[in-house]
Structure formats: structure tokens, C-alpha cells
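Protein chains: 2
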Amino acid sequence: MFARDRKQEMAHLILTTFDWLPEFPRGYVRDIRIRWALEEAGLPYSVEGVPFKERDADHFKHQPFGQVPWLTDGDVTIFESGAAVLHIAEKSDVLLPSDAKGRSEVIKWLFAALNSVEAASLPWFIFQFTGNGEESDGREAINDFLSSRLSHMEDVLESKDWLTDRFSAADIVMVDVFRVIDRFDGLSNYPVCRNYMKRAEDRPAFKKALADQIGHFKQADLREAVMDSN
Amino acid sequence: MFARDRKQEMAHLILTTFDWLPEFPRGYVRDIRIRWALEEAGLPYSVEGVPFKERDADHFKHQPFGQVPWLTDGDVTIFESGAAVLHIAEKSDVLLPSDAKGRSEVIKWLFAALNSVEAASLPWFIFQFTGNGEESDGREAINDFLSSRLSHMEDVLESKDWLTDRFSAADIVMVDVFRVIDRFDGLSNYPVCRNYMKRAEDRPAFKKALADQIGHFKQADLREAVMDSN
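Listed in order, the protein sequences are those of chains X and E.
Throughout, my numbering is defined as the position within the first sequence, counted from one, plus 53.
Throughout, my numbering is defined as the position within the second sequence, counted from one, plus 53.
Simulated from the structure, these hints should not be mistaken for lab results.
Heads up, a few of these hints could be off.
Same chains, same label: a pair holds when it works inside one copy or across any pair of copies.
[To be verified] In the PhoX-like style, the derived pairs of lysine-lysine whose C-alpha atoms are separated by at most 25 angstroms in a straight line are:
no. : residue 1 : residue 2
1   : 114       : 261
2   : 213       : 154
3   : 260       : 106
4   : 251       : 154
5   : 213       : 114
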């Protein structure tokens, strides 16, 4: 069951991200989830860029919300970083066990990272840039939403290295969700979550993915500088 | 590829939800996604209740955030409604095509329903109950977040009945996300989304799922009334 399609593994995987971005989001663009998964799985892939400044109809055909990334695998094109990571995981025992029980454990935590934790961290992130830090009922409700989720994650991760019995696709997404929270110091009261994130960031595949994302946008700066000097 | 495990289909599926809930959330508890998927797939299942008022360690073992629902399938136990719906969909061509391309289309839209649309509707929902309707930058940012997602969904659904070429697991989750938005009149500017939701709510499997959820909690009221009268 859940046999992997070996033919598909041979197909060329293409990750599409923006061709350029301002400094601020670099290192935190969600293409890192896909890069990281591909690096962990040891699958060859190439990276393509689409314009950040003008998003055409073809962009919306691949990503209906006008965002990045998306993953192309032959005639299959997948937006949503969670779906793309799951697609890659289906090709590799490193990211997703092939037995039904192990598989379901990883998949439920992959959904939890997105729908239980990131669903709370996204509005919290929005509030980092609104209201000039003023206190309000809304801000408090959003803070409470995230705190509640992180407190439960402290319990979950207390006695283990990874969400399931070994590193998996679920950890890639959960850790990347934690990274954005940590960037705005939101993990300072959650040492177990923070140590878990640090443990994952030590993995060679993560370091390569991060360096590659930053290099990709740096390259774009250089390209622009050359064009400006002509 | 993606062969379904026929043995598992015979295993007894158990949906766990609260034993009782106040009136307000009834009809909108996320167990409806699982009920609906099971009804569409025509799979037999039973429903069990856990205490709403006191959540013990065993509850957190099944659902680490102290919520409902979860689905049990033999020795597999799955929280996260998205993961549970995907688990059910793996057992039925009605909800998830078996070819790689069709499968990936459904899975990406399932993630989009949760991580692109519900991620925006959840904070918007929180704001229905906070700040007494006062205007604030935070409220505006959260409103904009949801409006942007719904505008794109109008385009996506403009010329089709369902998210993919036929009704699927992705529609179950997207429609249930829309239902909560519509309850607070958030779809009034998005007629395509609203018609799509209405079309799905007309399905016999949805009607059965909704009636069953409401009946489940009604039953609990009756039980309580009998106990109170002793």
C-alpha cells in the first residue's frame, strides 16, 4: 500500500519562487519548506523565479492567491507549502514512513502545524505591524490564541526530539512556523519549543535550504545592480 | 500506486466529539467535516462523546490542544479535521481520485481551504466577539486578510461547480470554512462563494451530517434533563 511511483521520482522537480524580494522576508519565504524537504529527501530539483512586482495571469493559474511558492512535478503543479511538502514526502521514507500508522502520525502533525499553530501565529504576525503596540481586546485575543497553542506544544515536545518517533515532514513545517514566531521573540516563554526549533535548524539540509534561499535573492540584487549600471 | 488498504476499510471507524455543547456552536462543530466525508464515502462509523466540561489526560493524548474531533481507525487515531478527512478520502474514490494528478489537485485545495482561507477566517471570527465593533488598525488588517482571500476565491470558483473537476474532500473542508464566515454575514459581497456553499449544502450527505450533529447534542440535552429530574 501507499506504493511510491518510481517513474515520478525521475521527473524533474521545479520549485518556483519570486525572482526578487525586499530584504525583510528573506530567509523566511515559504519556499524554504520545499527546499528543506527536497534537501532532506536528497531529490534533485531546480529553482525558477517569477516576478515579484507584477504577477500575471499565469502566476494566478499556479497560485490562485498570487503568492509563492509552487512545485512542479511533470504535469502536476502544487501550491500550498503543506501540500508540496506532503507531495515530496510521498517520494521519500526519510520524510514519511510507509506504514499506515506512522504515515498518519506525520500527516496529522503536518496539518496541526498549519491549521492549529500557524493559524494562530499568522494573525499574531499581522499584529506585529499594526496598532503601534497599543493594547486592545483584539490584540489580547490574538495573543491568547497563540499562547494557548504554544503552551500545548510545550507539553507535546517536552519529552521528545521530534513530533513523531523520528524527524519527518511534519517537523519541517512546524519548525518553520516556529521560526517566524521566534523572529519576533514569541518563543521566549516556550523554551521546549525553542530548543526543538534550534535542534532542527542544526540539520545540514536546513542550513543548505536557508543559504540557498538567501543566495537566490542576493543573486537577484547583483543582477539588478548590473542592469542599473548599464 | 496509491492502492487502498481494503483491510482497513473493514475496520470500525469511530468519530469522537464532545458529549455536550452549548447551543451556539451546534451545527458548526468541526466533527461535521468528518461526518460529511464519511457519509459521502458511504463508510459505516459510530460516534462517541467525551466530556466537554472536564478534559482529562486521555483527551489530550488524542487531541493535544484539548479540542474535538478525532477519528479512530483500528490502532490509528487522527486529530485535525483536515487530516481526518484526508484519511477517509484515501478510502474512497468519491472523495479523492486515485490518479496522481487528480489526487494532487484535491490535496492542494484541501490545504488551501485550511491554510489560506481558514487561516484568515479564524482571526476574523475571533474579532466578531472582541472590541465591541470599534474600528482599529488591527481589525482592519484582519478584515483585509479575509477579503483578499475571498476575492481570489470568487475568481477561482467563477466558472466551476467544485474546486476540482468533480466534488471532492477539498470541497467538504472549503465549504465548512465558508459556512462559519456566512454565519456572520461575511459572504454577502462574495456571491460566487456563497452559491458554491449553498450547492454543497444541498447534498444529501451534508444534510445527514448536519442533522446528525444537531441530533447528537439534542440527545445530550434530553439526557441531562432526565438526570436533573431525578
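Evaluation of the provided hints:
no., hint, in the structure
1, 114 to 261, "neither (30 angstroms within a copy, 35 angstroms between copies)"
2, 213 to 154, "within (18 angstroms within a copy, 36 angstroms between copies)"
3, 260 to 106, "neither (28 angstroms within a copy, 45 angstroms between copies)"
4, 251 to 154, "neither (28 angstroms within a copy, 36 angstroms between copies)"
5, 213 to 114, "between (41 angstroms within a copy, 14 angstroms between copies)"
In the structure shown, a violation is registered for the earlier hints numbered 1, 3, 4, in ascending order.
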